[in-house]
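Just need the whole structure built from these sequences, with the hints factored in.
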Amino acid sequence: QKEVEQDPGPLSVPEGAIVSLNCTYSNSAFQYFMWYRQYSRKGPELLMYTYSSGNKEDGRFTAQVDKSSKYISLFIRDSQPSDSATYLCAMSETGNEKLTFGTGTRLTIIP
Amino acid sequence: SAVISQKPSRDICQRGTSLTIQCQVDSQVTMMFWYRQQPGQSLTLIATANQGSEATYESGFVIDKFPISRPNLTFSTLTVSNMSPEDSSIYLCSVDRTAYGYTFGSGTRLTVV
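Residue numbers (my numbering), protein chains in the order written: chain A, 4 to 114; chain B, 72 to 184.
A hint or two may mislead.
Per label pair, the in silico range of CB-to-CB distance [what the hints assert, rightly or not]: (1) B:Gln-109 x A:Thr-111: 19 to 25 angstroms; (2) A:Ile-21 x B:Ser-140: 44 to 50 angstroms; (3) A:Pro-11 x B:Asn-153: 16 to 22 angstroms; (4) B:Gly-131 x A:Ser-23: 31 to 37 angstroms; (5) A:Ser-71 x B:Gln-99: 37 to 43 angstroms.
Listed next, the in silico SDA-like pairs over lysine to any residue satisfying Cα-Cα at most 25 angstroms (straight line) [as the list claims (entries may be wrong)]: (6) A:Lys-45 x B:Phe-137; (7) A:Lys-101 x B:Gln-112; (8) B:Lys-78 x B:Gln-95; (9) B:Lys-78 x A:Glu-48; (10) A:Lys-73 x A:Glu-60; (11) A:Lys-59 x A:Ala-32; (12) A:Lys-45 x B:Asp-97; (13) A:Lys-101 x B:Asp-167; (14) B:Lys-78 x A:Arg-44; (15) A:Lys-45 x B:Asp-167; (16) A:Lys-101 x B:Thr-150.
Worth flagging that the hints you see were computed from the coordinates, not collected in a lab.
Remember, predicted model here, so these are calculated numbers, not experimental data.
Built from N, CA and C at the ideal position, the CB exists for glycine as well.
Structure (structure tokens):
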């Protein structure tokens, strides 16, 4: 079993829809949770960074962490064609610099 | 957040040869990280490079295959040695910007033929 599981997609939704991206994990020591967006032929770009359980909102993006279920989500509201990219979840333990990534979900927003 | 310049952006190499990838950061950082991203796979940490000390390698990665240099607080290199087609991948460097999370370079797309 992988430490972090992420549905690879691909996921296609119409413009304006709400998108839900999810990851599950098995390591209960993970405390820091991140979502990265990666455009084709580019490096990952940090979108959201959260600590422990709870919600965090930034514009059209909301990150949720449920540590009791070992489940994290990223919601994108009013999705735009520019949101088309691969989304990677990542997580780390306190005091450990190493990030553990999901495989990424390829998202396409259809105009 | 930090700006990272990574060179080369892509290369096609013959098997058995070596390629050195450079990573330049626009500010001083303590730790730099090297990742590999294979098609359909997660980003996998190769090693952590601290200035002034030997790099720390993750399980499955060895110094003879992936030697790393870290001569100062803004620069690091990763060499992929004695390449085989299985080394075809995207290689990324990264730095930890603490409150801003981790920043990645644009990556080096390596194809070994």
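A quick look at each hint next to the structure:
1. B:Gln-109 x A:Thr-111: 19 to 25 angstroms: Holds, since B:Gln-109 and A:Thr-111 (Cβ atoms, about 22 angstroms apart) stay within the stated range.
2. A:Ile-21 x B:Ser-140: 44 to 50 angstroms: Given about 46 angstroms between the Cβ atoms, the range holds.
3. A:Pro-11 x B:Asn-153: 16 to 22 angstroms: Given range 16 to 22 angstroms: violated, Cβ gap about 31 angstroms.
4. B:Gly-131 x A:Ser-23: 31 to 37 angstroms: 33 angstroms, holds
5. A:Ser-71 x B:Gln-99: 37 to 43 angstroms: Since the Cβ atoms of A:Ser-71 and B:Gln-99 sit about 40 angstroms apart, the hinted range of 37 to 43 angstroms holds.
6. A:Lys-45 x B:Phe-137: Status holds; Cα separation ~22 angstroms.
7. A:Lys-101 x B:Gln-112: Holds, at roughly 17 angstroms.
8. B:Lys-78 x B:Gln-95: Holds, at roughly 9 angstroms.
9. B:Lys-78 x A:Glu-48: Holds - the C-alpha atoms of A:Glu-48 and B:Lys-78 are around 18 angstroms apart, at most 25 angstroms.
10. A:Lys-73 x A:Glu-60: 20 angstroms, holds
11. A:Lys-59 x A:Ala-32: 20 angstroms, holds
12. A:Lys-45 x B:Asp-97: 18 angstroms, holds
13. A:Lys-101 x B:Asp-167: At roughly 10 angstroms apart (the allowed maximum being 25 angstroms), B:Asp-167 and A:Lys-101 satisfy the hint.
14. B:Lys-78 x A:Arg-44: Satisfied, since the Cα-Cα distance of roughly 14 angstroms is no more than 25 angstroms.
15. A:Lys-45 x B:Asp-167: The given pair, whose Cα atoms are some 18 angstroms apart, holds under the 25 angstroms limit.
16. A:Lys-101 x B:Thr-150: Since the Cα atoms of A:Lys-101 and B:Thr-150 sit roughly 20 angstroms apart, the hinted pair holds (cutoff 25 angstroms).
Hint 3 alone, counting from the list given before, is not met by this structure.
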